[in-house]
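There are 2 protein chains.
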Amino acid sequence: MSTAVVVILLSTCLHALAETSDPKDQIGHYKRLRNELFQKELEMMLGSDIVLTDNEQKANDIIMELKNAVVDDGFTNPRHFNFSKHFFEYKDQLTDTMLYRILRDMPKGALLHAHDTGILAAEYVLNITYWDDLYVCRVEDEIEYLFSSNTPIKYCKTKWVPMKEVRYTSGNVKKFDSDLIRRFSIVVDDPAAEYPDINTVWSKFSNYFISTTPLLTYKPAWEFYFYETLKAAREEGIMYVEIRSVLPSLYDLNGEIYSSVDTAKSYKDVLDKFMKNFPDFYGAKLIYAPHRRVSDETVEQYVQIAQQIKRKMPDFLAGFDFVGQEDLGRPLAEIAPQVLELAAEMNFIFHAGETNWYGKSSDENIIDAIALGTKRIGHGYAITKHPALMEEVKNRDIALEVNVVSNAVLGLVADVRNHPLATMMARGLPVVLSSDDPGVWGADILTHDYYVAFVAVASRHADLRLLKKLAKNSLYYSTISDKDKALHEFEIRWTKFIGRLLKDKWSYF
Amino acid sequence: MSTAVVVILLSTCLHALAETSDPKDQIGHYKRLRNELFQKELEMMLGSDIVLTDNEQKANDIIMELKNAVVDDGFTNPRHFNFSKHFFEYKDQLTDTMLYRILRDMPKGALLHAHDTGILAAEYVLNITYWDDLYVCRVEDEIEYLFSSNTPIKYCKTKWVPMKEVRYTSGNVKKFDSDLIRRFSIVVDDPAAEYPDINTVWSKFSNYFISTTPLLTYKPAWEFYFYETLKAAREEGIMYVEIRSVLPSLYDLNGEIYSSVDTAKSYKDVLDKFMKNFPDFYGAKLIYAPHRRVSDETVEQYVQIAQQIKRKMPDFLAGFDFVGQEDLGRPLAEIAPQVLELAAEMNFIFHAGETNWYGKSSDENIIDAIALGTKRIGHGYAITKHPALMEEVKNRDIALEVNVVSNAVLGLVADVRNHPLATMMARGLPVVLSSDDPGVWGADILTHDYYVAFVAVASRHADLRLLKKLAKNSLYYSTISDKDKALHEFEIRWTKFIGRLLKDKWSYF
Numbered sequence: 001m002s003t004a005v006v007v008i009l010l011s012t013c014l015h016a017l018a019e020t021s022d023p024k025d026q027i028g029h030y031k032r033l034r035n036e037l038f039q040k041e042l043e044m045m046l047g048s049d050i051v052l053t054d055n056e057q058k059a060n061d062i063i064m065e066l067k068n069a070v071v072d073d074g075f076t077n078p079r080h081f082n083f084s085k086h087f088f089e090y091k092d093q094l095t096d097t098m099l100y101r102i103l104r105d106m107p108k109g110a111l112l113h114a115h116d117t118g119i120l121a122a123e124y125v126l127n128i129t130y131w132d133d134l135y136v137c138r139v140e141d142e143i144e145y146l147f148s149s150n151t152p153i154k155y156c157k158t159k160w161v162p163m164k165e166v167r168y169t170s171g172n173v174k175k176f177d178s179d180l181i182r183r184f185s186i187v188v189d190d191p192a193a194e195y196p197d198i199n200t201v202w203s204k205f206s207n208y209f210i211s212t213t214p215l216l217t218y219k220p221a222w223e224f225y226f227y228e229t230l231k232a233a234r235e236e237g238i239m240y241v242e243i244r245s246v247l248p249s250l251y252d253l254n255g256e257i258y259s260s261v262d263t264a265k266s267y268k269d270v271l272d273k274f275m276k277n278f279p280d281f282y283g284a285k286l287i288y289a290p291h292r293r294v295s296d297e298t299v300e301q302y303v304q305i306a307q308q309i310k311r312k313m314p315d316f317l318a319g320f321d322f323v324g325q326e327d328l329g330r331p332l333a334e335i336a337p338q339v340l341e342l343a344a345e346m347n348f349i350f351h352a353g354e355t356n357w358y359g360k361s362s363d364e365n366i367i368d369a370i371a372l373g374t375k376r377i378g379h380g381y382a383i384t385k386h387p388a389l390m391e392e393v394k395n396r397d398i399a400l401e402v403n404v405v406s407n408a409v410l411g412l413v414a415d416v417r418n419h420p421l422a423t424m425m426a427r428g429l430p431v432v433l434s435s436d437d438p439g440v441w442g443a444d445i446l447t448h449d450y451y452v453a454f455v456a457v458a459s460r461h462a463d464l465r466l467l468k469k470l471a472k473n474s475l476y477y478s479t480i481s482d483k484d485k486a487l488h489e490f491e492i493r494w495t496k497f498i499g500r501l502l503k504d505k506w507s508y509f
Numbered sequence: 001m002s003t004a005v006v007v008i009l010l011s012t013c014l015h016a017l018a019e020t021s022d023p024k025d026q027i028g029h030y031k032r033l034r035n036e037l038f039q040k041e042l043e044m045m046l047g048s049d050i051v052l053t054d055n056e057q058k059a060n061d062i063i064m065e066l067k068n069a070v071v072d073d074g075f076t077n078p079r080h081f082n083f084s085k086h087f088f089e090y091k092d093q094l095t096d097t098m099l100y101r102i103l104r105d106m107p108k109g110a111l112l113h114a115h116d117t118g119i120l121a122a123e124y125v126l127n128i129t130y131w132d133d134l135y136v137c138r139v140e141d142e143i144e145y146l147f148s149s150n151t152p153i154k155y156c157k158t159k160w161v162p163m164k165e166v167r168y169t170s171g172n173v174k175k176f177d178s179d180l181i182r183r184f185s186i187v188v189d190d191p192a193a194e195y196p197d198i199n200t201v202w203s204k205f206s207n208y209f210i211s212t213t214p215l216l217t218y219k220p221a222w223e224f225y226f227y228e229t230l231k232a233a234r235e236e237g238i239m240y241v242e243i244r245s246v247l248p249s250l251y252d253l254n255g256e257i258y259s260s261v262d263t264a265k266s267y268k269d270v271l272d273k274f275m276k277n278f279p280d281f282y283g284a285k286l287i288y289a290p291h292r293r294v295s296d297e298t299v300e301q302y303v304q305i306a307q308q309i310k311r312k313m314p315d316f317l318a319g320f321d322f323v324g325q326e327d328l329g330r331p332l333a334e335i336a337p338q339v340l341e342l343a344a345e346m347n348f349i350f351h352a353g354e355t356n357w358y359g360k361s362s363d364e365n366i367i368d369a370i371a372l373g374t375k376r377i378g379h380g381y382a383i384t385k386h387p388a389l390m391e392e393v394k395n396r397d398i399a400l401e402v403n404v405v406s407n408a409v410l411g412l413v414a415d416v417r418n419h420p421l422a423t424m425m426a427r428g429l430p431v432v433l434s435s436d437d438p439g440v441w442g443a444d445i446l447t448h449d450y451y452v453a454f455v456a457v458a459s460r461h462a463d464l465r466l467l468k469k470l471a472k473n474s475l476y477y478s479t480i481s482d483k484d485k486a487l488h489e490f491e492i493r494w495t496k497f498i499g500r501l502l503k504d505k506w507s508y509f
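Chains as they are written, first to last, in the UniProt record's numbering: chain A, 1 to 509; chain B, 1 to 509.
If we strip away everything but chain A, and leave its shape as in the complex, we get:
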């Protein structure tokens, strides 16, 4: 062996020895590797590409102090930590906190996943029951509603009575109204007992829509509800809305019945009126999203309706989707071939993977949604069980419309720290936050979802950059017409918000 070789071998050996047995170097090696992994994780997180200005950094300090107080207290006293409990137990406590008020004031960009008649609080529906010309047919515990200029001729097992008469002869108007309020939401005192499994809560949830339909499809009520939706969204820092609708037939006092296309037109008219009154709003579009649990013939009708709307209101239609509990409805694989012809004219924005089944049709709807070229995925809750699909949505830039509170309330996850959104954010997947049907569970339009996602689901390290990223994403992944202008305007409003927070944080107290 040559001397050179011996020297090289010896040096390698000594180096290896030093690496493994010198305790000081071992600690150095461990610390370097630890830091490397830690930084790598931070860099992958959603929002890590956002660079904060000095002012934003100051605002971040305020926000993180509030967030981490909640997290650290929960870590020490899990009993204090609300987010491992049911949403109904803590939702009203949240609204009373400084962090909530800050998040409520924060510009949030767009609301991209919300179902038209489930957005507003029960009080709005109650308001409609005070309107003239409302009749009710009560059979045991069931109430049917109908607006009519005269006593309705529709069959009633008992008889149609004017709502006013029923209410004011009830003896206790307050109790009468609070009973109604309970019918106009799924909030209950003991959700564990009343909703023992997912189908029970979905059944109550579906009943909400069925029972409110005759109230809300009265054309003036329909238009009132949408107008108020836009107003409430605007008040929560939302500048643009994409609303999903099954587009039911509306009716009026003259007994006229309207088509789905008319219903879409009615939305467009309300929007035009709203934009006149609030020109700082950035508009709304419609996602036509009829029921998935229907026959092939009905799907064929949906296609025609979608095409008609596209022809009449090309800029107003954002896309096409199907709604209804995926576990019980028809899988995309079954109904997709029939709607594929729509792809040339409009976006698909499909619900997929709103389930905790794995390897069943509702789970695999995500594969179909992607293969069908969906622009975004509604929910995508199941996607973290599909590493190849996570790659795919990242590469194709398909946004996931995540609705944390909805998933918790509708029985997918008990402790929201187990919500797959954590993994999605950690991977830096294209995520937008939304709220699905916040009114049905007594949540605000979008703020509860931001609070829960930010404080309870995201990493303790996730900060203002995540919040800003989520808000910007909602515009970026929308189908808004002048996206650049909207994003620019968002920055202006964001800067103003940071200014307000820095000027007087105690105004949020």
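Just to be clear, a hint being listed does not mean it is correct.
Any copy, or any two copies together, can satisfy a pair, since identical chains are not distinguished.
As the list claims (entries may be wrong) - Computed list of lysine-lysine pairs in DSS-like fashion (alpha-carbon distance at most 27 Å, straight line):
id, residue 1, residue 2
1, LYS40, LYS394
2, LYS375, LYS24
3, LYS310, LYS375
4, LYS273, LYS24
5, LYS483, LYS164
6, LYS496, LYS375
7, LYS265, LYS312
8, LYS483, LYS310
9, LYS31, LYS375
10, LYS204, LYS85
11, LYS312, LYS485
12, LYS40, LYS375
13, LYS159, LYS485
14, LYS496, LYS483
15, LYS273, LYS40
16, LYS31, LYS394
17, LYS310, LYS24
18, LYS312, LYS268
19, LYS157, LYS485
20, LYS24, LYS175
I should point out that these hints are in silico values taken from the structure, not numbers from a laboratory.
Given chain A, work out where chain B should sit, using these hints.
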């Protein structure tokens, strides 16, 4: 423009047109892409590299029919689906099924994550209370135990009475024993009410260990318990065990107190005896795993004990770890520097990330465990929130010791379909299944964990290949001395099991 260019452009254009607007081709494109994604997912799944023989394929058909009957019924009737309920509600129903009996009989390789005094059912502990020389000191509802040749001189607020006397003057021995059984497990009728948060269940869990310690650290009881553990493991198709122990001081009737090293030696002696009686067993090793919630001085003592055991029983010591609730204990980052010197002599097999916090120390223990060069990770529940760490364990081939039932019972996850194991298996991460402390929650040594992971957590598509992979992994990632021989023997036993199943599947009915 040259003709050639025009032709190329035209052809490209026509091709693009055909791609997007010919409905038949659109459907073809969608179906191809769908199939491609679906196959890609299947190929990434844990177990996809296993090729089944014809006989295994037949056995697979039997097993999948049983599995999918459960899954499909649950999909249609979520109320029937046990695995979204608490483990205590369904554990005894499982053992009475054909699939359970098949899984119980199936060779499972190694048991790699189990804590020595929490493995056997409460009945084993009860058995020990029937032994001679046991005294009890009862103060209100508390019972203290002590084996002693004479009435113990240790302080007792009331007085030490022979257990036999207490039991046979209790008036109702059956009730007396069933009261004891309740003390020797954490199983309760209404877990939601009794364990409202994670600390409550951990407190009851810790109390189990505290209260049984004086019973089980009686040297003959200690040796009996370990011998029976090995026997029970062997009966469930386990051929090799790595047991975690805090190595408490043992005592005997003569009042002698033994050191931790003696305790390790006592395990080694029991093992030697067991191997003589059951030469078909493949042995056991010790993971020395003392408490994490201790002072620096105590950690220093741990290091010395570990080194002494390594010197005296080099082949018996599999590695070093810390135990105790991670959220409350000291983070690895804090205690690691002190134990780093052990790395040259033994494996680290650290608990890490047994938590649903994200961005807190218990979560980030995973980073430290990896940076410290851990061979395997105990639990790693939180890892799916860390994409970079998932890459790291895959590249470094660090196995995750997953304990689904334990995580459910100890309050990390309610519906096991949300358990991160689903994501780990989907990603093909190196996973081994284990059971942590099955006796404490009335589970079998390993079969409940296999059942729950296979039927409720894994994809509906996951089949016998997953089961075989999990079993083989447990040997592959172990520190067993002659790994090749053990893996070869496993294949022989596996083939016999497949033979038994095919010969008479109804024997499992």
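Quick rundown of the hints versus the structure:
1. LYS40 x LYS394: Classified as both; 18 Å inside a copy, 16 Å across copies.
2. LYS375 x LYS24: For LYS375 and LYS24, only the inter-copy Cα distance (21 Å) is at most 27 Å; the intra-copy one is 53 Å.
3. LYS310 x LYS375: within (17 Å within a copy, 59 Å between copies)
4. LYS273 x LYS24: neither (72 Å within a copy, 43 Å between copies)
5. LYS483 x LYS164: Result: close neither inside a copy nor across copies, 47 Å intra and 82 Å inter.
6. LYS496 x LYS375: Answer is neither: 31 Å inside a copy and 52 Å across each miss the 27 Å cutoff.
7. LYS265 x LYS312: within (9 Å within a copy, 85 Å between copies)
8. LYS483 x LYS310: Result: close within a single copy only, 20 Å intra versus 66 Å inter.
9. LYS31 x LYS375: Between copies, since 18 Å is at most 27 Å while 43 Å is not.
10. LYS204 x LYS85: both (20 Å within a copy, 20 Å between copies)
11. LYS312 x LYS485: Only inside one copy: LYS312 and LYS485 sit 25 Å apart there, 74 Å across copies, limit 27 Å.
12. LYS40 x LYS375: between (29 Å within a copy, 21 Å between copies)
13. LYS159 x LYS485: This pair counts as neither: shortest intra-copy Cα distance 55 Å, inter-copy 83 Å.
14. LYS496 x LYS483: Answer is within: at 20 Å inside a copy they meet the 27 Å cutoff, but 66 Å across does not.
15. LYS273 x LYS40: neither (49 Å within a copy, 50 Å between copies)
16. LYS31 x LYS394: Answer is between; shortest inter-copy Cα gap is 21 Å, intra-copy 32 Å.
17. LYS310 x LYS24: between (70 Å within a copy, 23 Å between copies)
18. LYS312 x LYS268: Within one copy only: 11 Å inside a chain, 83 Å across chains, cut-off 27 Å.
19. LYS157 x LYS485: Neither: 56 Å inside a chain and 79 Å across chains, both beyond 27 Å.
20. LYS24 x LYS175: The answer is neither: 73 Å in one copy and 60 Å across copies each exceed 27 Å.
The structure is inconsistent with the numbered hints 4, 5, 6, 13, 15, 19 and 20, although it conforms to all the rest.
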